[in-house]
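Protein chains: 2
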Amino acid sequence: MKYLEKFRVKPGSKVDLSKVDAGFKDKYHHGGDKKVQKELETHINKMREQQYLMYAEGGRSLLICLQGRDAAGKDGTINHVLSAMNPQGCTVTGFKVPSAEEAAHDFLWRYHQAMPPKGHVAIFNRSHYEDVLVVRVHNLVPKKIWSQRYQQINDFEKMLSDNGIHILKFYLHIDPDEQLERFKKRIDDPARHWKISTGDYAERPFWDAYSKAYEAALSRCSTAHAPWFIIPSNHKWFRNLAVSRIISEYMESLRMKFPEPTVDIAEIRQKYHDIVSNEKKRADA
Amino acid sequence: MKYLEKFRVKPGSKVDLSKVDAGFKDKYHHGGDKKVQKELETHINKMREQQYLMYAEGGRSLLICLQGRDAAGKDGTINHVLSAMNPQGCTVTGFKVPSAEEAAHDFLWRYHQAMPPKGHVAIFNRSHYEDVLVVRVHNLVPKKIWSQRYQQINDFEKMLSDNGIHILKFYLHIDPDEQLERFKKRIDDPARHWKISTGDYAERPFWDAYSKAYEAALSRCSTAHAPWFIIPSNHKWFRNLAVSRIISEYMESLRMKFPEPTVDIAEIRQKYHDIVSNEKKRADA
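Residue numbers (our numbering), protein chains in the order written: chain A, 1 to 285; chain B, 1001 to 1285.
Hints may contain errors.
With a cut-off of at most 27 Å between alpha-carbon atoms, the simulated DSSO-like pairs for lysine-lysine come out as follows [claimed, not checked]: (1) B/Lys1212 / A/Lys271; (2) B/Lys1038 / A/Lys34; (3) B/Lys1271 / A/Lys236; (4) A/Lys280 / B/Lys1212; (5) A/Lys257 / B/Lys1019; (6) B/Lys1281 / A/Lys19; (7) B/Lys1046 / A/Lys185; (8) A/Lys34 / A/Lys236; (9) B/Lys1184 / B/Lys1038; (10) B/Lys1280 / A/Lys184; (11) B/Lys1118 / A/Lys195; (12) A/Lys19 / B/Lys1118; (13) A/Lys212 / B/Lys1019; (14) B/Lys1035 / A/Lys212; (15) A/Lys212 / B/Lys1281; (16) B/Lys1257 / A/Lys38; (17) A/Lys38 / B/Lys1038; (18) B/Lys1280 / A/Lys34; (19) A/Lys280 / B/Lys1184; (20) A/Lys185 / B/Lys1271; (21) A/Lys195 / B/Lys1046; (22) A/Lys96 / B/Lys1281; (23) B/Lys1096 / A/Lys257; (24) A/Lys118 / B/Lys1096; (25) B/Lys1281 / A/Lys184; (26) B/Lys1185 / A/Lys46; (27) B/Lys1195 / A/Lys46; (28) B/Lys1019 / A/Lys281; (29) B/Lys1034 / A/Lys184; (30) A/Lys257 / B/Lys1271; (31) B/Lys1257 / A/Lys281; (32) A/Lys6 / A/Lys27; (33) B/Lys1281 / A/Lys185; (34) A/Lys236 / B/Lys1034; (35) B/Lys1118 / A/Lys46; (36) B/Lys1281 / A/Lys281; (37) A/Lys35 / B/Lys1014.
Some chain A residues near chain B, calculated using beta-carbon distances under 8 Å [what the hints assert, rightly or not]: (38) Met85; (39) Thr91; (40) Gly94.
Honestly, the hints are just simulated from the structure, not real lab data.
Glycine included, each C-beta is placed from N, C-alpha and C at the ideal position.
Next comes chain A alone, as it looks inside the complex:
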C-alpha cells in the first residue's frame, strides 16, 4: 500500500490520536538497517528529480506544511529530508509569534505572502494551523473567532489548490514519553544548551488540550485537495522515511514532464552556427 494512502487522514473521518501508534515502524526494524538507508536515499533522490520537473514545468507549485508538538521533529525533518531540495526553487518559512504588522492583518495574511510561486516548493515550519492550535488551547481569541477558522482554512486551501498549489500537510506524531526523552537529551547535551529557552516545557501541561485541538484540525481540514498525514514520529528514521516517501509518491502521481521547447531548435542551431562563422570571419580579417 502506498504511504500516500496509508497515513492519509480520509476526508470526513474522525481522528483519535490515542489510537495512533507513534512508535509504528511498519516492516522495518531500525534506522541503521541498510535497507532503510537505501530506501530513504531513493525517495529523496526522486523528490529532488520531481522538484526539478516542477521547476521546469513552471505551472504549478507545492506547499508542504509541518506541524507537531515541541521536539516532534519539524526542524529535523527539514534538515534530514527537505534539505535535499534545490534551494533555488524552494523556500522555508518558519512562523513564530506574529509581528505587530502581521497581527494587524487577518490571520491568513502572512501565510498567503509565503506561498510558493509557480514551479516552486514552499515549506512551512508551523503554519496557518497554529491559529486553531496554540490560539485555541490558550484562548488567544474567543471561541467564536477560532471556530470559524476551520471553514476559512478549507476555503483558503481550496482557492490555492484551484490555482495550482498542491498542498501536503504533515502532523509529526510523538507520544508523551518520547517528548520527555527528547527534552532530557537536550538538557544532557551541552552543545545544545544554547537552544533551550524558558518557554520550553510551557506547553507540556496542555498535552491533552493540544491533542483535542490537533484532532479537530486533522478531522475537519483533511480534504481531497489538501490532505493531512499523521506520521508516526517516535523513530526519527521512520519519520524521515515516511515523509520522503509520501512526497515522492505524491509528486510522481502528478506525472509531470519536461515542457516542449518554446523555440525552434533548428533556428537556434542556425543562430549558433552564424555566431561561430561570424566570429571566425572577424578573427581571420
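Given chain A, work out where chain B should sit, using these hints.
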C-alpha cells in the same frame, strides 16, 4: 595560500580579464580525481557546519552574490555547492528583468528586500551589479545615471556590512570558446531543449562590452568589506572547489561560536523533574 586571498580582487587594483586564465586548475588535474572529490566534500561540510553556527549565533548574516555571463555556471554552482546549505536559514533569489513595481523604485530597492535576516544566508543569482552590467552595455539608463552607481553600491554595501551582513561576490569567469562549447551541448541535448530561449546568444556579440563592464565593477567595487572573487570557471569542478573553499575559509575566519545558554540549565533541569514527578503523581492517583 588561502583561496580567500588568491582569487580576491585587491581593493584599488585594476582588473584586466584578458589576463586571467579561465581554465586555471591550480595543482589539480581533473574533476574525477578522488582528491578533488574529497576536498570538495570537506569544504561543503565545513560550509554547512559554519552555516549552523551562524544560525545559532543569530547576530550576523552572509550574502553571496553570483555573477557571470550566460552559461558561466551560476545555476550549477547553486545546484552543486550552495544546495548543501540547510534551506531553513538560506534563501536563493534570482533577479531577472525588473517587474513594474520594482522598476518604479530606486535600483537597490529590490535587492535590499532580499537581504538575509540575522543568522541567515542569502544567495543572489545575479545581483545589484546587473545595474552596472546589462544596464551599462545596453544603455538602459544614461551614462550619467549608471556611472554614479559604483559609488552608490559601495556605500550601500558598506552600510550592510556595518550592520552585520558579510558579503562575498563571485564572478564566474569563462572564456568565449567555453561559452560556445556549452551552448553547443545544450543544443545537442534534447533533455535540455525546454531551457533554450530566443534570448540565448543575444548577448554574445557584446562580449567585449561586457568584459569592460565587468572590469569596471570588479575594479571599483572590490572593497575590504565586500570583496569580489574572480573564479576560473571553464572547469566546473574547479569552480565548485574554489567557491566552496572560499566560503568555508571565510566563514571559519569569523571564529563563530555557539552562544552561551540564555537560561539557567539547572533551573530547566528542575523544571523537567517537576514535570516528571507531577505527571507520575497524577497517574498514580
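Status of the hints after comparison with the structure:
Taken as a hint, the B/Lys1212 and A/Lys271 pair is honoured in the structure, with Cα atoms around 25 Å apart against an allowance of 27 Å. Our distance criterion of 27 Å between C-alpha atoms is met by B/Lys1038 and A/Lys34, whose separation comes to about 23 Å. At roughly 25 Å between alpha-carbon atoms, B/Lys1271 and A/Lys236 fall within 27 Å of each other, so this suggested pair holds. With a C-alpha separation of about 22 Å, the suggested pair A/Lys280 and B/Lys1212 falls inside the 27 Å cut-off, and the hint holds.
Distance hint between A/Lys257 and B/Lys1019 is unfulfilled; the C-alpha atoms sit about 44 Å from each other, more than 27 Å. Of the pairs offered as hints, the one joining B/Lys1281 and A/Lys19 holds, with about 24 Å between alpha carbons and a cut-off of 27 Å not exceeded. Annotation: proposed proximity of B/Lys1046 to A/Lys185 holds, straight-line Cα distance about 25 Å (limit 27 Å). For the suggested pair A/Lys34 and A/Lys236, the alpha carbons sit about 16 Å apart, so the restraint of at most 27 Å is met.
Our distance criterion of 27 Å between C-alpha atoms is broken by B/Lys1184 and B/Lys1038, whose separation comes to about 31 Å. The hinted pair formed by B/Lys1280 and A/Lys184 meets the criterion: a straight-line CA distance of about 16 Å does not exceed 27 Å. This hinted pair checks out: B/Lys1118 and A/Lys195 have alpha carbons roughly 16 Å apart, not beyond 27 Å. Proximity of A/Lys19 to B/Lys1118 is assessed by CA-CA distance (about 42 Å); at most 27 Å being required, the pair is judged violated.
Taking the CA atoms of A/Lys212 and B/Lys1019, the gap is about 69 Å. The hint is violated against a cut of 27 Å. About 56 Å separates the Cα atoms of B/Lys1035 and A/Lys212, which puts this hinted pair outside 27 Å; it is violated. Proposed proximity of A/Lys212 and B/Lys1281 is supported: the alpha carbons are some 23 Å apart, at most 27 Å. Simply put, B/Lys1257 and A/Lys38 have alpha-carbon atoms about 35 Å apart, too far for the 27 Å limit, and the pair is violated.
A hinted pair counts as satisfied when its Cα atoms are at most 27 Å apart, and A/Lys38 with B/Lys1038 qualifies at roughly 22 Å. In summary, the hint linking B/Lys1280 to A/Lys34 is not supported, as the alpha carbons are separated by about 39 Å, beyond the 27 Å threshold. Taking the CA atoms of A/Lys280 and B/Lys1184, the gap is near 16 Å; set against the 27 Å cutoff, the hint holds. Of the pairs offered as hints, the one joining A/Lys185 and B/Lys1271 holds, with about 14 Å between alpha carbons and a cut-off of 27 Å not exceeded.
Distance hint between A/Lys195 and B/Lys1046 is fulfilled; the C-alpha atoms sit about 21 Å from each other, no more than 27 Å. For the hint linking A/Lys96 to B/Lys1281, the alpha-carbon distance of about 33 Å lies beyond 27 Å, and the restraint is violated. Restraint check: the Cα-Cα separation between B/Lys1096 and A/Lys257 comes to about 25 Å, which is no more than 27 Å; the hinted pair holds. At most 27 Å may separate the alpha-carbon atoms for a hinted pair to count; A/Lys118 and B/Lys1096 meet this at roughly 15 Å.
Distance hint between B/Lys1281 and A/Lys184 is fulfilled; the C-alpha atoms sit about 19 Å from each other, no more than 27 Å. As the CA atoms of B/Lys1185 and A/Lys46 are separated by approximately 25 Å, the hinted pair is consistent with the 27 Å bound. Annotation: proposed proximity of B/Lys1195 to A/Lys46 holds, straight-line Cα distance about 21 Å (limit 27 Å). Annotation: proposed proximity of B/Lys1019 to A/Lys281 holds, straight-line Cα distance about 24 Å (limit 27 Å).
For the hint pairing B/Lys1034 with A/Lys184, the CA-to-CA distance comes to about 42 Å; that exceeds 27 Å, so the pair is violated. As the CA atoms of A/Lys257 and B/Lys1271 are separated by approximately 54 Å, the hinted pair breaks the 27 Å bound. This hinted pair does not check out: B/Lys1257 and A/Lys281 have alpha carbons roughly 59 Å apart, beyond 27 Å. Proposed proximity of A/Lys6 and A/Lys27 is supported: the alpha carbons are some 13 Å apart, at most 27 Å.
Annotation: proposed proximity of B/Lys1281 to A/Lys185 holds, straight-line Cα distance about 23 Å (limit 27 Å). For the given pair, A/Lys236 sits about 33 Å from B/Lys1034 by alpha-carbon distance, which is inconsistent with the 27 Å threshold. A threshold of 27 Å between alpha carbons decides the hint, and for B/Lys1118 with A/Lys46 the separation of about 33 Å lies outside it, so the pair is violated. In summary, the hint linking B/Lys1281 to A/Lys281 is not supported, as the alpha carbons are separated by about 91 Å, beyond the 27 Å threshold.
At roughly 57 Å between alpha-carbon atoms, A/Lys35 and B/Lys1014 are farther apart than 27 Å, so this suggested pair is violated. Hint on A/Met85 holds. Least Cβ distance to chain B is approximately 6 Å, under the 8 Å limit. Checking A/Thr91 against chain B: minimum C-beta separation of about 6 Å stays under 8 Å; hint holds. For the restraint placing A/Gly94 at the interface with chain B, the shortest Cβ-Cβ distance is roughly 7 Å, inside the 8 Å limit, so the hint holds.
The structure fails to meet hints 5, 9, 12, 13, 14, 16, 18, 22, 29, 30, 31, 34, 35, 36 and 37 from the earlier list, while all remaining hints are met.
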